[in-house]
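Chains as they are written, first to last, in our numbering: chain G, 1 to 274; chain A, 1 to 91; chain Z, 1 to 140.
In case anyone wonders, no lab produced these hints; they're calculated from the structure. Treat the hints loosely; a few may be bogus.
Below, a list of computed lysine-lysine pairs in the DSSO-like style, where the Cα atoms sit at most 27 Å apart [said to hold, decoys possible]: (1) G:K54 with G:K224; (2) Z:K139 with A:K79; (3) A:K33 with G:K224; (4) G:K265 with Z:K139; (5) A:K78 with G:K103; (6) Z:K41 with Z:K134; (7) G:K103 with G:K174; (8) Z:K134 with A:K33; (9) Z:K41 with A:K79; (10) Z:K128 with A:K33; (11) Z:K134 with A:K79; (12) G:K100 with A:K78; (13) A:K79 with G:K174; (14) G:K214 with Z:K134; (15) A:K78 with G:K265; (16) G:K224 with Z:K128; (17) A:K33 with G:K174; (18) G:K46 with Z:K41; (19) Z:K78 with A:K79; (20) Z:K78 with G:K54; (21) Z:K128 with Z:K139; (22) Z:K78 with G:K265; (23) G:K4 with A:K79; (24) A:K78 with Z:K41; (25) G:K224 with G:K108; (26) A:K33 with Z:K78.
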Amino acid sequence: MGSKEVVIVVSVIAFVLLLSLAITVGGLGYVLPLPNVREVASWYLKTTYNPFMKLFSAMAPEGVTAIVWDYRGLDTLFETAVFFLAIIGSVAIMRGISLKGVKYDPEKHGMSLIMKTVTRIVVVMIIAVAGSIALHGHLTPGGGFQGGAAAAVAPLLVLVVFSKYFMDKIGVSKNAMLVIRSVGLIGIGLTAFAVVLVALLSHGQAYVFQNQPKPYAPLGFPYKAGTSLLGGSLLFFNACEMFAVAAGFTIVFLLLALPEREVIKVLRGEKFEH
Amino acid sequence: MNPELVVFGVMALLGIISMVATIIAILERDLVKAVIFSAIQSTAYAFMYYLLMAPDIDLVYIPVAVGLYPAVILFLIKKTERFEGGEESGK
Amino acid sequence: MRSLSTELLSTYLFNVFVISIIVNIAVSLYGIFARPSLIKKIIAVTILGDSVNTLAIIVGYRMWPNPHQPVIPPILTKWHPTPQDIQNFAYLAVDPLPQALVLTAIVIGLAVTLYLVFLTLQIYRFYKTTDVRKIARLKG
Numbered sequence: 001m002g003s004k005e006v007v008i009v010v011s012v013i014a015f016v017l018l019l020s021l022a023i024t025v026g027g028l029g030y031v032l033p034l035p036n037v038r039e040v041a042s043w044y045l046k047t048t049y050n051p052f053m054k055l056f057s058a059m060a061p062e063g064v065t066a067i068v069w070d071y072r073g074l075d076t077l078f079e080t081a082v083f084f085l086a087i088i089g090s091v092a093i094m095r096g097i098s099l100k101g102v103k104y105d106p107e108k109h110g111m112s113l114i115m116k117t118v119t120r121i122v123v124v125m126i127i128a129v130a131g132s133i134a135l136h137g138h139l140t141p142g143g144g145f146q147g148g149a150a151a152a153v154a155p156l157l158v159l160v161v162f163s164k165y166f167m168d169k170i171g172v173s174k175n176a177m178l179v180i181r182s183v184g185l186i187g188i189g190l191t192a193f194a195v196v197l198v199a200l201l202s203h204g205q206a207y208v209f210q211n212q213p214k215p216y217a218p219l220g221f222p223y224k225a226g227t228s229l230l231g232g233s234l235l236f237f238n239a240c241e242m243f244a245v246a247a248g249f250t251i252v253f254l255l256l257a258l259p260e261r262e263v264i265k266v267l268r269g270e271k272f273e274h
Numbered sequence: 001m002n003p004e005l006v007v008f009g010v011m012a013l014l015g016i017i018s019m020v021a022t023i024i025a026i027l028e029r030d031l032v033k034a035v036i037f038s039a040i041q042s043t044a045y046a047f048m049y050y051l052l053m054a055p056d057i058d059l060v061y062i063p064v065a066v067g068l069y070p071a072v073i074l075f076l077i078k079k080t081e082r083f084e085g086g087e088e089s090g091k
Numbered sequence: 001m002r003s004l005s006t007e008l009l010s011t012y013l014f015n016v017f018v019i020s021i022i023v024n025i026a027v028s029l030y031g032i033f034a035r036p037s038l039i040k041k042i043i044a045v046t047i048l049g050d051s052v053n054t055l056a057i058i059v060g061y062r063m064w065p066n067p068h069q070p071v072i073p074p075i076l077t078k079w080h081p082t083p084q085d086i087q088n089f090a091y092l093a094v095d096p097l098p099q100a101l102v103l104t105a106i107v108i109g110l111a112v113t114l115y116l117v118f119l120t121l122q123i124y125r126f127y128k129t130t131d132v133r134k135i136a137r138l139k140g
């Protein structure tokens with residue numbers, strides 16, 4: 001780090017400290033942070049778990065997960081669609097390339113024995129913690145994306161410490177992960193339309209993405225099983241989303257881990273496989 | 001020393017640490033060092049999300065920005081060039 | 001409740017925090033425009049996205065009612081609440097709506113960045129360089 005960079009860093013720190021002093025003492029007319037939340041937020045906080053107002057409440061104690069899958073469920077639907085389009089784009093760029101004919105050899109491929117043994121223990125723990133984060137998403141901080149992103153670290157670790165040939169040997173391939181992702185997305189679609197289908201069969205009215213009974217739509221998911229809280233449709237959404245997100249990330253890592261000489265062979269037209 | 005001053009003081013310190021890490025990451029010519037400083041900035045942000053009482057965002061941000069982004073960009077650096085401006089060495 | 005000096009000091013520290021996030025946005029914007037390597041541009045795009053998301057979450061924070069009672073995350077911890085419990089919760093919790101929107105924004109930013117990484121790999125395979133000045137000089 002040369003002296004030019006030290007001068008830049010010190011001058012920017014001094015600029016920030018003096019500018020905030022000027023704003024505080026000079027006075028901008030209001031005080032940060034603000035003393036009250038807005039009306040919309042106050043309504044969400046009062047109805048996220050309210051057994052006295054069952055017609056307006058989402059019956060899930062976790063505020064953020066209830067907003068993501070119940071109050072604003074359509075936003076999450078389109079965000080899942082954008083993520084899926086990005087994965088399809090990446091698969092389309094790397095089409096026609098695969099590694100066949102190289103068998104996994106424990107002595108030549110991968111890192112040392114200590115790393116492999118430790119990774120075997122750690123990978124199981126990572127997947128267990130990620131499953132717990134995803135399934136408790138309606139009670140504690142967590143949910144589908146959180147569990148899926150945490151569970152996507154495990155295939156990355158296995159790819160780096162063992163090698164891609166090991167992943168081919170145990171059957172984790174791009175097509176298998178695409179199947180798992182599609183199954184997760186079908187699960188999300190079915191849960192979104194479940195109340196509508198049941199209401200159509202019994203001549204009632206229902207909304208898409210409906211979670212609890214609402215005015216003029218008396219059907220909904222149960223929010224309690226015995227004494228434990230189920231969170232309605234949030235439990236199914238979280239579980240399906242975890243599989244979809246983890247499988248999507250695994251596809252990207254499998255495509256990134258292809259060695260360059262195989263890719264160059266395909267680009268020069270010597271080999272092409274589906 | 002009331003708890004409010006302690007919490008806000010730690011927030012201000014983390015803001016300055018993240019600013020220093022960002023400036024060094026942008027000005028650095030060796031791309032591996034830039035990725036490491038970007039991961040330091042992400043760690044400061046992850047602690048900030050805990051102090052701002054947003055645990056859901058924290059649980060997404062830690063695997064994504066400290067684990068997945070540096071890993072993917074390191075894959076990319078290994079397959080392309082390591083130094084900015086070609087293979088002439090930096091400083 | 002609060003004396004003038006502690007209120008000024010806590011406001012000053014919070015302002016330092018907010019302005020450092022704004023400086024992060026400015027520095028990462030400079031990094032996108034001024035550095036010629038495609039990989040440095042990708043790193044700067046991720047820093048820009050994270051800083052803007054942090055600014056959105058700061059908007060949802062609220063002031064402490066008195067200096068010894070911190071605000072709480074928007075998660076109800078009592079499963080058999082009385083109406084007084086729900087009123088206390090709405091008086092102390094931070095805003096949950098910016099957190100839900102930032103969750104969506106993080107996942108979308110991640111998806112776009114992963115696609116950009118694949119595009120950069122393809123550019124390197126065809127043109128053997130990731131320097132935008134050299135790519136701009138190629139003809140055909």
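Margin query: Run through the hints listed earlier and report the numbers of any the structure violates, in increasing order.
Written below: As far as the earlier hints go, 3, 14, 16, 17, 18, 19, 22, 23, 25, 26 are violated by this structure, in ascending order.
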